[in-house]
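There are 4 protein chains.
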Amino acid sequence: MGKKKIGIIGATGYTGSELVRILTNHPEVEISLITSESRAGELFSDVHPFLQGIADQKLVSVDRIDEFELDLVFLALPHGISMDFVKRFKDKNFKIIDLSGDFRLSSSEVYEEWYQIDHLYPEGIKQAVFGSPELFYDDIKNARLIANPGCFPTSAILGLAPLLSAKLIETEPIIIDSKTGVTGAGIKAKTVNLYSNVNDNFKAYGLKNHRHTIEIQGISDRIAGQNTLIQFTPHLLPVDRGILTTIYARPTGETDEISLRKEYEKFYANAPFVRLRKQAPAIKDVRGTNYCDLFVTYDARTNMVIVISVIDNLIKGAAGQAVQNMNIMFGLDETSGLNLIPLNP
Amino acid sequence: MGKKKIGIIGATGYTGSELVRILTNHPEVEISLITSESRAGELFSDVHPFLQGIADQKLVSVDRIDEFELDLVFLALPHGISMDFVKRFKDKNFKIIDLSGDFRLSSSEVYEEWYQIDHLYPEGIKQAVFGSPELFYDDIKNARLIANPGCFPTSAILGLAPLLSAKLIETEPIIIDSKTGVTGAGIKAKTVNLYSNVNDNFKAYGLKNHRHTIEIQGISDRIAGQNTLIQFTPHLLPVDRGILTTIYARPTGETDEISLRKEYEKFYANAPFVRLRKQAPAIKDVRGTNYCDLFVTYDARTNMVIVISVIDNLIKGAAGQAVQNMNIMFGLDETSGLNLIPLNP
Amino acid sequence: MGKKKIGIIGATGYTGSELVRILTNHPEVEISLITSESRAGELFSDVHPFLQGIADQKLVSVDRIDEFELDLVFLALPHGISMDFVKRFKDKNFKIIDLSGDFRLSSSEVYEEWYQIDHLYPEGIKQAVFGSPELFYDDIKNARLIANPGCFPTSAILGLAPLLSAKLIETEPIIIDSKTGVTGAGIKAKTVNLYSNVNDNFKAYGLKNHRHTIEIQGISDRIAGQNTLIQFTPHLLPVDRGILTTIYARPTGETDEISLRKEYEKFYANAPFVRLRKQAPAIKDVRGTNYCDLFVTYDARTNMVIVISVIDNLIKGAAGQAVQNMNIMFGLDETSGLNLIPLNP
Amino acid sequence: MGKKKIGIIGATGYTGSELVRILTNHPEVEISLITSESRAGELFSDVHPFLQGIADQKLVSVDRIDEFELDLVFLALPHGISMDFVKRFKDKNFKIIDLSGDFRLSSSEVYEEWYQIDHLYPEGIKQAVFGSPELFYDDIKNARLIANPGCFPTSAILGLAPLLSAKLIETEPIIIDSKTGVTGAGIKAKTVNLYSNVNDNFKAYGLKNHRHTIEIQGISDRIAGQNTLIQFTPHLLPVDRGILTTIYARPTGETDEISLRKEYEKFYANAPFVRLRKQAPAIKDVRGTNYCDLFVTYDARTNMVIVISVIDNLIKGAAGQAVQNMNIMFGLDETSGLNLIPLNP
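Residue numbers (our numbering), protein chains in the order written: chain H, 1 to 345; chain Y, 1001 to 1345; chain V, 2001 to 2345; chain P, 3001 to 3345.
There could be a bad hint or two in this list.
Straight-line Cα separation of at most 30 Å, DSSO-like style, residue types lysine-lysine; simulated pairs [unchecked claim]:
#	chain 1	residue 1	chain 2	residue 2
1	H	Lys278	P	Lys3188
2	P	Lys3058	P	Lys3004
3	Y	Lys1262	V	Lys2058
4	V	Lys2190	Y	Lys1278
5	P	Lys3188	Y	Lys1190
6	P	Lys3090	P	Lys3005
7	P	Lys3090	P	Lys3058
I should point out that these hints are in silico values taken from the structure, not numbers from a laboratory.
Please take these sequences and the hints and turn them into a complete structure.
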């Protein structure tokens, strides 16, 4: 059996370049197609010169997709654009992993409220499986369309899931204070990611209404089997990659650190990319990898549970988790092509 | 009337160099003495070469302090050492501003529990005034010994005070998630402030037991007139200077953003260094200055109050606030010598 | 005699905000006018929120300039635009300091060759005085139009001048390897100053044809009284501010370190902003100030002279040097308003 | 035939952790032994927590080395210490790759002059092969002891070799202006690599007498077949990894850019890790990889050749080049285990 044939729709962003970086060394797939409308005809390494000699594929327009036999397509596109392509590809034979936010929420109504644009393909929301392998492995295995989780939701949900699943914490509200690297804002030059606005600086943004709030809350509801209320505040770190999320919640009953840790060990016993840490982890501990490092503790003085969660937003928070989903969909080893080791320092 | 004569005890740290930086341009004081035991005989600018031509005073041993007529002495020393000097200076004619943590807590018992060392001068704790000018202006005016507030407590307490004072929030617990620049860890080379451990990195530390927890809680108790329970988590930012504190609390009754803002405007009507902002501030907005920028908001969806507070940890969080206290003790304009403008970018 | 009245043309860039930062605390001038076409009607602190409460002047269109009585105008505009305003203001009563590159070169022909645009006001080139106070103090005193030096040229020329003036080095070629902070590229978001393209990165740019090459060479020719040939290579540092320039040249005769240092001391005996250092300086040693720190040495093994020069590109390389020129033009103390102390760390 | 068995002497530094990072995914070798005297008994991942679950080998004292059958040993030790072990291992059956500077120079006399310590094993200098695969492939193949090149020399020599080999440049002097990341200073906390001394900062160091000067000059002499005189100035960048070297030299005769590029293409036709670039490369283009990216140009105006060279100092400048040498010594494909892709951003 030959290698699986992969298409990547959207080449110019970080998600695209990370997918190529990971898939280039993947032993069981090959990249057959990379599309770009703005840079068609150029090489992928013209767009990302650090990949010269590594990824010199010619970019083509998505209009030529039928010339390629594809087993699976990654959509590395902005939200709002992505749903249009999912709709357009609805009768194709390939599987789809959408890295945008277009199919992650519970309904088109919720989407329209938080994204403030119309949803073009509500049918897709019903079909899509939320691609969090640690939570929905079996659904992913049989899915045709994956809504790959957002970066903040990945860090928050993996930190919360054992607590919610075992009903160990009160759920209204849960405080989620997240700090992200700049690549979360994308590759386009904007005031927000101008070097001198970020360097030696730090700020909160998107207070009260960041779109990932509802994504976290929606999945938390499902895991908990009850309503949750998520207070989510993102902050912008002067680093390229990485998210650290600090979670605060009230325990529902008596608890202590040891029993909490056991709960996490049990919950993630079969999760190759979750590392339970004995100390609070740092974002560089997972840089360049698909790991989510977790630390849970309990403060008896205040009766609060605190969880620290770190990921690389471009990998476990985007391209790496997408490849993990692909592996599961193809029946491959979940870790295939993802034996990445942290670049530290 | 001539200029006031100032002594600085401890020259090698950041607190010392910041005091000199600020006092050098202060129109109403002069630095008569800078002490150092390890570098006595050298120039201040030998220790801090960027001050060549600006602060070339010769360093002398503290043993020679009686040779100088001093109006006020700043102690720029580590905790544990500082209390020894306060004791030693107890019968001197000069006023004292102690920048360490030795006299900030409510009793020697509390100190010994959180600092894990014996307190050598409990009498000093009783005499000391907590040097937060926005809260205790009148006490500062008449004080002989000031316990200059810690950096995290300054950012947290200024953010909380209007809420606590007007009993607008529930006080058990209050979530205080702080992020600080590296200079908070001091000037000595350690693993924690090694460049490659900090750069492009981010982590939490001191969970549950950081000493500033009890300092914040002690002052919060006083302002609120009731018990508070502070959940304080510091994190280490890859920046030199600056603290951003994000505060989460439940309102005690009905509230909204406009009324909260009015409360802050009223509370800080006479505070020249508190700036109320219309947007969430960034740490570079106050870099190099004595400002504390505050932003308060209310999330109706979750029924939570959120406050963002930023300061320069070395200035409003240390040397600048100390000079502000000095101005008040001398009956000078509170802002004298402190008309610093943010260095941004 | 009242304070001098100042206008600043162009408010949105770093040069504008630095001028305001410096002039706000200047004891002998006042800012009467700040213009902006794109933001007219807003406050200066709306454009630069860190200046809230410090610089809340209302921005007006330059078309209203005649409503103001002005003693001097700073042009904080891009090259190509600036010359148009110099021409337009040619019969006004106020003096002009132009911070762009439009009037720094020896002729409109040279300008057009290196800037690749037509020069609209060649007459201005003849009138303009190159605003390097350490070299042309007397000319500046009597000038009506100052061409404020470029940032790289300032660092290079101050490093070279004593050598060229005393004919101590061979002049064809002189190697000038410069490294600059990102603010040199301006405040507009571009790919080149996108955070993730700069952070943890470093690169050369503008090899062989950077415009500052000819500015350095033109002034070097004048100081040396003979032809020079400048090999200039700028590099982009992951820092906000600062230029470090490393200069390599062959001595014309026998030399040694001591005699070279004496030459520098003599040359800069009356220069309050040049600090001769005993060790190689770092850019943070001058951050936020108008200093140029210099270090000169001689390598007997290779028979080469090496000079290290550091400045803050936004201050001594732009706004600070402009204010220094203004002081000289007004007959004030050269250092008035410029007693800035390095922000370090 | 089984996997080759590898020992790593010295576990606590960056060189040790990088070797482990690379060798863990190498298909044809296995790590049999990692030694540490200070941390014996602990796990490798206790020393480097980011490798938890990836490299959990127990550290043992080097005294137990005879318990292990080893094919090759890497010495990841400081200079001065390393030569002692080479001497101690002189009759062992395993090959040795020494990553220190102890065996890179032409004689013990030269070593003692530049390193200012006695050489304990001059015999080793005679046996050692300088491990630059692009230059000495055949010697490496048959070597028992490799002196792995220094980081600066790797970047400089790869940039210069085609010019020197074809006698295209004058050799007295050659200007080599290098800029390095902080990891070059090692993992121990020192004033020089304290975060706040490096961040937002930049400086030159080691002017005229850095030890890599003579290493570069010694190899340059060999390649050129004549005396060279190297003017080498290192500078410290606020980045973790990466070296960019800018080289200036006079051509010996007429030249132009096209013919220079052809010379480089010919010289590196069989070098899998040298990438010739059409634009000046940036250090992040090679971060995390064994690549050396080169750009050569000619300035007709000044008659100078300019070369830009970038490497990751910890990989091509240390551990990666060491593994490349190991591959050659074992007769493996030179690139085995080294298919690393740049982490960018």
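Hint by hint, here is what the structure shows:
no.: 1; hint: H/Lys278 with P/Lys3188; result: holds (23 Å)
no.: 2; hint: P/Lys3058 with P/Lys3004; result: holds (19 Å)
no.: 3; hint: Y/Lys1262 with V/Lys2058; result: holds (25 Å)
no.: 4; hint: V/Lys2190 with Y/Lys1278; result: holds (27 Å)
no.: 5; hint: P/Lys3188 with Y/Lys1190; result: holds (8 Å)
no.: 6; hint: P/Lys3090 with P/Lys3005; result: holds (18 Å)
no.: 7; hint: P/Lys3090 with P/Lys3058; result: holds (26 Å)
In summary, this structure violates none of the numbered hints.
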